[in-house]
Amino acid sequence: MLDEFDAALWMAARHSFVLPEELRQSAIKQSLIWEFTNSQKTLAHRMGDGPFLMGDRMTVPDIILTHCGDWARIAKFPVQEERLTAYLDRMFARPALRKVMERMG
Numbered sequence: 001m002l003d004e005f006d007a008a009l010w011m012a013a014r015h016s017f018v019l020p021e022e023l024r025q026s027a028i029k030q031s032l033i034w035e036f037t038n039s040q041k042t043l044a045h046r047m048g049d050g051p052f053l054m055g056d057r058m059t060v061p062d063i064i065l066t067h068c069g070d071w072a073r074i075a076k077f078p079v080q081e082e083r084l085t086a087y088l089d090r091m092f093a094r095p096a097l098r099k100v101m102e103r104m105g
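With full-length UniProt numbering, the residue at position 26 of the sequence shown is 26, and numbering never jumps.
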């Protein structure tokens, strides 16, 4: 997930506001969205039937993917795979995550 999702989102952020303006390449975002979309297809195909990525227990990959899902929403990267959308909806519905998100504003 770090290579497939986080890297695309981070590269988009770098070229949106992190790098000095003269070094930014705004046109890169479209290719990053393409990569992000293809990565969703791969992940959706590999997801199991459990409520979490690794089965019945939440693990670090669940936290990373949920973070990337929120980041994608903020960065306007579309989450198009139904299985991934349903997974993220379940994760964001968790009371503990809602509480943290409220604290963060």
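Treat the hints with caution; some may be incorrect.
What the hints assert, rightly or not - Simulated restraints, written as ranges between beta carbons of each label pair:
#1 P51 with S16: 31 to 39 Å
#2 R57 with D89: 13 to 21 Å
#3 P51 with V100: 27 to 35 Å
#4 G50 with Q30: 12 to 20 Å
#5 K99 with I64: 15 to 23 Å
#6 M101 with V60: 14 to 22 Å
#7 D70 with Q30: 34 to 42 Å
What the hints contain is simulated information worked out from the structure, not anything from laboratory work. Idealized CB from N, CA, C, for every residue including glycine.
Now the hints, each set against the structure:
no. : hint                      : in the structure
1   : P51 with S16: 31 to 39 Å  : holds (33 Å)
2   : R57 with D89: 13 to 21 Å  : holds (19 Å)
3   : P51 with V100: 27 to 35 Å : violated (19 Å)
4   : G50 with Q30: 12 to 20 Å  : violated (34 Å)
5   : K99 with I64: 15 to 23 Å  : holds (19 Å)
6   : M101 with V60: 14 to 22 Å : holds (19 Å)
7   : D70 with Q30: 34 to 42 Å  : violated (22 Å)
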